[in-house]
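These protein sequence lines map, in sequence, to chains A and B. 161 is the number that the working numbering gives to position 161 of the first sequence; each next residue is one higher, with no gaps. 122 is the number that the working numbering gives to position 122 of the second sequence; each next residue is one higher, with no gaps.
Worth flagging that the hints you see were computed from the coordinates, not collected in a lab. Do not rely on the hints blindly, as some may be mistaken.
Stated by the list, open to error - Below, a list of computed lysine to any residue pairs in the SDA-like style, where the Cα atoms sit at most 25 angstroms apart: (1) B:K176 to A:L30; (2) A:K191 to B:D66; (3) B:K176 to A:A20; (4) B:K176 to A:A31; (5) A:K191 to A:S32.
What the hints assert, rightly or not - Covered, in the sense of this in silico footprint (three residues per stretch, anywhere, with C-beta under 8 angstroms from a C-beta of chain A), are these stretches of chain B: (6) 51-62; (7) 70-84; (8) 132-138; (9) 152-159; (10) 166-173.
Bear in mind the structure is a predicted one, so any value in this text is a computation, not a measurement. Each residue gets a CB set at the ideal place from its N, CA and C atoms; glycine is no exception.
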Amino acid sequence: MTHDEIEEMLGVYALDALDADERQEVDDHLASCPRCRAELASHREIAALLGNPIGDAPAVAPDDVWDRIAASLQDEPPALSPVARPSLRRRLALIVPLGAVAAGLILIVGLLAAKVGNLDQQVNSLRHQVSVTSVLLNPAHRTVELTSGAHPVWRATVVVLPNGEGYLINPSMPALGSSQTFQLWALSRGKVVSLGVLGSHPTGAPIRLEATMTLLMINAEPLGGTPTPTTPVLVQGNLPVGL
Amino acid sequence: MQPDLLDASDANLAFAIARYREDALAEAYRRHAGAVFGLARRLLHDRAAAEEVVQEVFVRLWNAPDRFDPERGTLRSYLLAQAHGRAVDQLRSEVARRRREEREARETAHGGYDVEREVGDIIVADQVREVLGGLPDSERRPIELAYFRGHTYREVATILGEPEGTVKSRIRSGLKRMHSQLTVSGLGLKGEQP
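Modelling step: build the complete structure from the supplied sequences, incorporating the hints.
In structure tokens:
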């Protein structure tokens, strides 16, 4: 199908009213057409409003459904496993030289000592530190320093593997108000693109970089983030070529 | 639950879910499961089947939290879209299709379908209902038949006795019209006007 023919199907697609074979064709086209993706997003928004019972008496999902969901989550792999699920929880398969193991252990101890919170937080941050440490232990990792140009001097470090998997560590950033979050941006082919919100305590936030990105920036945005930056950059740093 | 989640944005909830925080998933469930359940039950006319959809949608959010992109819309929109897709898949499965055809045959015997009344039953925000109701019939009816009845556009074309191409373009133009009218009326839509 041509671009125009696909475009004509986007409304139907957003309402889930395409046959499976046509849906596949549209999916294939969407992967390479930002214009159609944008139009589809707009149609989907309307579709969601149609389905959204904002109003006086929204239906209440029964509690036992939540119980079933919670029970099925416990069938997941143990939470502490660093062999995580794809993407945000990226699979780590690393062969680590012995000397690096020793260095890594010292690093883990250091990271843990630096972050003593309540028990629950410790479990979460331990899980994360295992991932961060795995990246640091991989000899192929690169380090990118983000800094502010002037006073006050804010900093953050990004460690990243050649496959683009990375984490933000050691941030020294201003305290944010409760309605703000840090957001990460990259310059990619001359355009500023969002790499997602980092929360107000971005230590260990997972990051996915691509080869086209040349500059990383962090600023503060309203909670939930924004599609384009609305406030000045706090810290920035150039990415090495051929990452 | 930790206090930081109670007023967390959807994006931060998704981020916490990606960090295996079950309390974040519970908070997302508290906020949005009612709407998801309402839509699924509306489409499937079957409480157990609707509960199944709710379960699938939230387990998927847990397993693939990064499928939700905060830049493309709210978490609720995302979850409702997921629920709609799943409910429609179920509707199109053979058994469900037969049951639906029987039900629709009964309804026809009692004076034909009246999607407009049914749409009124589901509590859509007044503004959205008004804008949908204000569309020309030629655009409104195919949108209702597709979205609220789960028909494919080909089925819609048969039901309305219109060419398939006409149904496709009327659904698209109707959605565009709704988008621009809701934007004008001040509803905070994120997407650009296509």
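Inset, instruction - Starting from the hint list further up, note which numbers the structure goes against and sort them upward. - result: 8
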